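Whole structure, please, built from the sequences with the hints as guidance.
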Amino acid sequence: GEDVEQSLFLSVREGDSSVINCTYTDSSSTYLYWYKQEPGAGLQLLTYIFSNMDMKQDQRLTVLLNKKDKHLSLRIADTQTGDSAIYFCAEITDLSGNTGKLIFGQGTTLQVKP
Amino acid sequence: DAGVTQSPTHLIKTRGQQVTLRCSPKSGHDTVSWYQQALGQGPQFIFQYYEEEERQRGNFPDRFSGHQFPNYSSELNVNALLLGDSALYLCASSLSREYQETQYFGPGTRLLVL
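Going down the list, the protein sequences come from chains E and B.
Going left to right, the first sequence walks through residues 217 to 330 as the numbering used here numbers them.
Going left to right, the second sequence walks through residues 3 to 116 as the numbering used here numbers them.
Read the hints as simulated data drawn from the structure, not as lab findings.
Quick caveat: nothing in here was measured; it's all calculated off a predicted structure.
Keep in mind that the hints are not guaranteed to be accurate.
If you anchor each label on the Cβ, the simulated ranges turn out as follows [what the hints assert, rightly or not]:
#, chain 1, residue 1, chain 2, residue 2, range
1, B, Thr11, E, Pro330, 24 to 34 Å
2, E, Asp232, B, Asn79, 38 to 48 Å
3, B, Glu56, E, Glu254, 28 to 38 Å
Residues from chain B that keep clear of chain E, each with C-beta distances beyond 12 Å, as calculated [said to hold, decoys possible]:
#, residue
4, Gly30
5, Gln58
6, Gly86
All C-beta atoms, glycine included, are put in the ideal place defined by N, C-alpha and C.
Written out as structure tokens, the structure reads:
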């Protein structure tokens, strides 16, 4: 089946690292994504990782994937107040049929305290 | 490079009415997907359009219909509106030739049904 789960809330101090976790159930997931949503706005693509990778780093963002445990995490280094937002994990399953259907978690609200 | 645009930004309707939402994809993209995001939830896939045809559909009733035009823009129509249709409607565009079909989202249309 298709299901993506995330913890609902995370609070950190400015300058600390944030780690947002996500678990998924579909073993045929090919790509996993992280999106950011600020209040009243659409979704901004942050990064993605292919399922045959363990890690991807992009500036302050590090994505770790444990395919055996179906666990994905997003680490934000040196978290800033501007990082306060809702973060969504999403998976896309087998693309052989070119379905392109994203399955989202319920989102993690990141609160960054000055 | 214009991103994904949606109109209108906000809309208020009453139960039983019909609504049409519009989306213009990112320049160069040929595929449009629609998602519904209820308050406090992650986006849910409604359907996807490619080559002016519905390619895949999520678990939404037939009251939800769509269309894609030759210029790749798209419309989402919802008939016989229910209170539960109140949500943020997000459009995402992607390029079919790109294997992972990364989806880029517009700002959304916030629909309130009274």
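Hints versus structure:
1. B:Thr11 <-> E:Pro330: 24 to 34 Å: Check passed, 31 Å falls within 24 to 34 Å.
2. E:Asp232 <-> B:Asn79: 38 to 48 Å: holds, 46 Å
3. B:Glu56 <-> E:Glu254: 28 to 38 Å: holds, 31 Å
4. Gly30: Non-interface label on glycine 30 of chain B holds, nearest chain E Cβ at 16 Å vs cutoff 12 Å.
5. Gln58: violated, 5 Å
6. Gly86: holds, 17 Å
Figure legend: structure checked against the earlier numbered hints; the only hint not met is number 5.
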